[in-house]
Each structure stands twice: as C-alpha cells, then as structure tokens.
Amino acid sequence: MKYIDEFRDGELAKNLALSIGAEVQAGRSYSFMEFCGGHTHAISRYGLSDLLPPAVRMVHGPGCPVCVLPIGRVDMAIDLALNHGVILCTYGDTLRIPASEGLSLMKAKARGGDIRMVYSTIDALQIARDNPAREVVFFAIGFETTTPPTAVAIQQADKQNLPNFSVLCCHVLTPSAISNILESPEVRQWGTVPLDGFIGPAHVSTVIGSRPYEFFAEEYRKPVVIAGFEPLDVMQAILMLVRQVNEGRAEVENEFSRAVTRDGNLKAQDRVAEVFELRREFEWRGLSVVPYSALKIRRQYAAFDAERRFDLDYKSVPDNKACDCGAILRGVKKPQDCKLFGTVCTPENPIGSCMVSSEGACAAHYSYGRYKDMH
Amino acid sequence: MAEAQGKIRRGYVRPLDLKQGRVDLTHGSGGRSMVQLISELFARHLGNEYLGQGNDGAVLPAPTLAGRPGRIVMSTDCHVVSPLFFPGGDIGCLSVHGTVNDVAVMGATPLYLAAGFVLEEGFPLADLARIVESMAHAAKDAGVPVVTGDTKVVERGKGDGVFITTTGVGVLPDGLELGGARARPGDAVIVSGSLGDHGVAIMSKRENLSFDAPIESDTAALNGLIAAMLATGADLRCLRDPTRGGLAATLNEIAGQSGVGMMLHEKAIPVKPVVAAACEFLGLDPLYVANEGKLIAICAAADAGRVLNAMRAHPLGREAAQIGEVIADDHHFVQLTTSFGGRRIVDWLAGDQLPRIC
Chain L
125 MKYIDEFRDG ELAKNLALSI GAEVQAGRSY SFMEFCGGHT HAISRYGLSD LLPPAVRMVH
185 GPGCPVCVLP IGRVDMAIDL ALNHGVILCT YGDTLRIPAS EGLSLMKAKA RGGDIRMVYS
245 TIDALQIARD NPAREVVFFA IGFETTTPPT AVAIQQADKQ NLPNFSVLCC HVLTPSAISN
305 ILESPEVRQW GTVPLDGFIG PAHVSTVIGS RPYEFFAEEY RKPVVIAGFE PLDVMQAILM
365 LVRQVNEGRA EVENEFSRAV TRDGNLKAQD RVAEVFELRR EFEWRGLSVV PYSALKIRRQ
425 YAAFDAERRF DLDYKSVPDN KACDCGAILR GVKKPQDCKL FGTVCTPENP IGSCMVSSEG
485 ACAAHYSYGR YKDMH
Chain P
631 MAEAQGKIRR GYVRPLDLKQ GRVDLTHGSG GRSMVQLISE LFARHLGNEY LGQGNDGAVL
691 PAPTLAGRPG RIVMSTDCHV VSPLFFPGGD IGCLSVHGTV NDVAVMGATP LYLAAGFVLE
751 EGFPLADLAR IVESMAHAAK DAGVPVVTGD TKVVERGKGD GVFITTTGVG VLPDGLELGG
811 ARARPGDAVI VSGSLGDHGV AIMSKRENLS FDAPIESDTA ALNGLIAAML ATGADLRCLR
871 DPTRGGLAAT LNEIAGQSGV GMMLHEKAIP VKPVVAAACE FLGLDPLYVA NEGKLIAICA
931 AADAGRVLNA MRAHPLGREA AQIGEVIADD HHFVQLTTSF GGRRIVDWLA GDQLPRIC
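So the protein lines, in turn, are chains L and P. Position 359 of the first sequence, counting from 1, maps to 483 under our numbering, and the rest follow consecutively. Position 150 of the second sequence, counting from 1, maps to 780 under our numbering, and the rest follow consecutively.
Hints in this document: simulated from the structure, not taken from any laboratory. One or more of the hints may lead you astray.
Stated by the list, open to error - Straight-line C-alpha distance at most 27 Å; calculated DSS-like pairs for lysine-lysine: (1) P:K835 / L:K126; (2) L:K233 / P:K788; (3) P:K788 / L:K231; (4) P:K770 / P:K649.
To be verified - Here are some chain P residues the structure puts well away from chain L; computed CB gaps all over 10 Å: (5) A673; (6) G752; (7) E883; (8) A951.
The beta carbon of each residue, even a glycine, is placed where N, CA and C say it ideally should be.
Hey, can you work out the whole structure from these sequences and the hints?
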C-alpha cells in the first residue's frame, strides 16, 4: 500500500534502532511521553519497544479521546438516549466506555436506547434529515482532530434548517492537557515522573499546526517532536528527541512534515472559532477539572446545543476507587501497576476507560504486550 | 349456478407473482399460499428426490464411505447477514457454503442439508427467488442437496428480510480425527488464501459506509479443497474456517483447546492490498475480519510442503501459505512477529471491532 508500507519498513526500522542505540549515552536514561493514543497504539501494535534500547522509556500520555472522557459526560449521553427519547449518534469507540450504574452506551442500547454508531458527522446529519419527527443528538468527543467536522455539521444544520439536530459537545484541547501534565507536582516538584520530551500529536497538529507547542519547549524546556502515527515516524521522532536531549536543546521539531505545517489548517481553525468558544472549566478523567481546556457551543448556535436544549446538568462521578486510570493518564503509573489490570478489568469488562479503546494505554498493553509481563 | 361452476378450472392456482409480489402472513400460515410458495419457489429450484418425498422428514440412505459405514457429522449455522446481497454473493449461497464448510472441516464428506427460512412480511418475492436460486446453485456446485426445509413468516418489523438456518450432515471415515485439541508444538499453521475479503465486501455495502472497493466476498464451499488435502495422507491435526472474528479468533480457539501457543509471521499472512487499504481507513485489523471461503490448517511440520502443494493445485487454495508455527506456551497466547521487527499478541477480540476515533 503506497504511502503506508514505506512507513512500516522493517529494514529501515532496524537501521533507526541502531542509530538510536548509538546516540543513547551510557548511564543516561530517556523518558519520553507520547501524548497521543494513536502513538500508543502504534508502539504496541508494531512491537516497537522491542526495538528500543532499555535506556529509552516511553510514557503513555492522555491523548486518547475515549480515555479522558469522564463518567459524568457519558451519563449525560445515556440520559439523552434513555430518558429523552433522542436518537443518539456516536463514534464507535465511545460505545463501550463504562458509565454509572454499570451502564455504557452499548448497554443502554440493549435497554432500548436508540443509539447509532456513525463514522462521521455527515451521517448524523443525514439521520436527522431522515427522521424529522425525532430529536437527533450527536455525541461530539475528541481533540482538535474531530472538532472541525462537528463545527461544520452545526453550521450545515443551521443553514439547512434542521431543527431536530443538536450536539452534546465534549471536545477538549490538547495544549491544555500538556500544560496540566507539565504543571503537575509529579513532574514539576517531586520529579517522580521524569519527562525528557514529548512526541507531539499527528492528526491534531495537522489542524492546530506546530506553533502551539513552542510555548512548552521554551517555557518548560522540554523538546517536542511532532510525529506521524506510523511506526517509522515514531522511531524517527525518538531519535530526534534523543539528539535534542544529548545536545541540551529544547525545540519544536516536525517529523510529520508531510502533513503538518507551523500554522496548521487555517480554514478548519476558522470554522472552529466561529462555532465554539472556550469553556471555563471541564472535567477530564485523570486530570480532574482543568480550566479552559474544552470547548462549548457559542450563543449564536445555542439552538444546536444539546445541553441547553434538554436542560442537562453535568454531575461529576468519581471513578472506581481501585482504578488507576487517572495516574496512568498522567504517566505516573504503568497499566501493569494497577491492581485491576488484567484481573477485574479486561477489554471484555472494562472498569476504567483506558481499557476501552485500543488507543488506551491499558487496552494496548493488554491486547498486544501482556506476554512480556508473564514470561 | 351450474354455469358459474363450469368456469372453475380444476386444480388451478394463480401462479405466484415473482416480479411484483411480496411475502405476506398467509405464506407462513399453513394454508394453500404456503404450499404454493414451497412448490413454486423452493421445490422448483432446490428439488431433488429426497425433498420431493413431501413428508415431514426426509428418509435418507445410511451414509457409507466406499461401501463401509462411517460416523455421522452434523452441524448447524444461522445466517443473518446485512445486506442480503453483497459483492460476490448473497445470503442464499452463503447459507449453503457456511454449513458445508463446517461439516467439511471436520474431515467429513458433506451429504445433505436442511434449510429453515424466517421471512419478514413484505419481503419482495423477486428477492426471495434470487436467494433460493443462488442456494440451489451453491448446493449443486458443492454436490450437497437440500433434502428438507421449513418456512415461517414473521410480521413486518420483526425480522430483517430473510434469516436462513442450514443444518448439514456428513460422513466421516473411521480413523480420521481432526480437532481443535490436536495442535502440538512444532506444527505448521497454514491458511488457504487472502484474509478479510468477505468482511470488507460486506462493509463496503453497508448503508452508512458505502464505498467503492473492487472486492468480492470469498464465499465458497471448501469440501473439494479439503478432499484434496485429505487425499495427500498428510498428518492434518485440525481444520477450521475462520468466519466471525477472523483468523485471530480461530487461532485463539485452537490454542486454548490444545493448550499451546502460536507464533505467526505478519509478512507471510496473505491480505489483498485493497482489503488492507479498506481496513486501514476504517481502523480495522484484517486478522479479525470474517472470511467465508478460507480455511486454516494445522498439520505436522514435516507434511506442510505436501499439504501446501495439494492446496495450491486447487482453485480455492492457490494462495495458500504457511503463516506460522505452533509453540509451547502455558498462557496459550497467539503471538505475531510484526513485519516491523517487533512482537505482539494477536488477542481475542473484545466485542465487535469498533473504529478508533483519532
């Protein structure tokens, strides 16, 4: 497959692994956080850690849209489906996130909720057109990658006069999450989470560009290398990060130059700015309440805001006490450090959200890498 | 009065309207309409000496192999595919292939099929005729007649057009033992061809996802290919058709039953570029996508060459390949060396494969 196979070439990987091995300085260790679940998935799926020298440690970050969605938000979506009789449209991964009372969207569907998996916001709009007598709500989750399509859907619904369409907006912002991690006591004060640099998001950066990360490089002295989601991208980014660390640099470098520019996709940014504004605060799973870290729908488009239309209130719901998703999302713990991992909590019966999506650190390690813990 | 009676033609029933007609509740009510549907549609296409007996059950000769009695193998499968017609096939031929294959992978020669239809009120008779014709072709090609059947009609909204359950009976020679518990460390793991074709062909036609992929379902009866493999006399341990859950589910099943592990090699696993591309943008893994005309064979390593040669000489096994080995592993993991040079587990699927968001 052109443009794919080139980035999964085993021979090139070997050479890159040799280069990384040659760059790594004796007695020094390197901890890099891959922010995105897409990178976490690639690292596990291609067995990338087998190729890295032991001195390089990858820390999984919170960039998995499903993982950071708090229980209370899923509860709102379930409430819409079960108690307001709406057709709830959602992206596939979201269906299995555990919510209150042992429910998930999948289980709510079995209880009679009209919950439909869609591949894009266009499908949700079509469902609204096809069912003019029903309320259709799109459960909008994700980082900056999925935000522009939601903005476009709201503007189209406005133009096409689709009064039965609305959006439950749970879009969150990458830079806020990175700031939150860098400001956390584990990283800043106690040093319990050593972080020598970041692998910056791939798809998110195609939208927001590389500029927003410059602040982290300058202010926190952490190198950032933006990388694509293919395994060779990740290897190359690790090599670039090791070099920055060795040379004492803290810069934003762009490995994913085939898709990411410094300014990003300005048209998409404009659409997002037209439809959304900052939320004063938003609860993240793992990071708790983070100020100005998410988006809400502007007053101009209030008619399409499901929270207003159905008068929904957000109620914070604590995670299962034994679940370590929070610490795992901040890089403080590894999946296998959690008592529930692989015992009570498995992909078939997830307790925490990190075990749901294949991008989640726990699901990725359970599905692809757990043999390493057992032999 | 006498004049009116004279106009009634004895035994005349207006034929089924196979162009515009639709299934209605009378077709399942046990009355004349039901008999008519059976005779004008099912019996017409599927007819044979056993189905023609017209009794509540078919009377069949005792199965023999070269004149000697064998053991009976029986398997049943419900088919609920959506859409009913897809590139490369339809629910009709699928319902024949699925059950013929389930019997054949036991090492048995499939002999007879039974078919049960659940029809939804309002279903077009023209579509039903297409499905039954397709079944008839598939049954004829596989050499396995449909000898008995049943039809029920459910109210509109209580079915999804057509559900078909088929049951197959076959005969297995004494001494031939194939089974999921027989894999041993060192054995070869073989597939008969490219993976994921059926699942991707179906997905390409789903209502909310239609995309143009020049890909057809691989649905096919494997009894001919299996007969050729058995004829080599190779030490075959287990045959399976990797349908739902794909290669991954089937190998995990065998690993668990046999108490062994497996080591696969990603580079050796045949996947068509168009299937790989579709899976790539849908966020799916072809190792978990369904097949309907492929088989997995576990055989003694020393016999792998012989088995592969026999498979490649058959039209349905041209792309057969050894994709890995059985290994000793107390955890019964199916593992994969990635073409990238790393290693990972090929785990059971948790529920359906759902597309990722990012």
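Against the structure, the hints:
1. P:K835 / L:K126: holds (24 Å)
2. L:K233 / P:K788: It holds: about 17 Å lies between the C-alpha atoms, which stays within 27 Å.
3. P:K788 / L:K231: Holds, at about 21 Å.
4. P:K770 / P:K649: holds (25 Å)
5. A673: P:A673 clear of chain L: closest Cβ-Cβ about 40 Å, beyond 10 Å.
6. G752: Fine: 19 Å to the nearest Cβ keeps P:G752 off the interface.
7. E883: holds (15 Å)
8. A951: Holds, since 18 Å exceeds 10 Å.
When each numbered hint is compared with the structure, no violation occurs for any of them.
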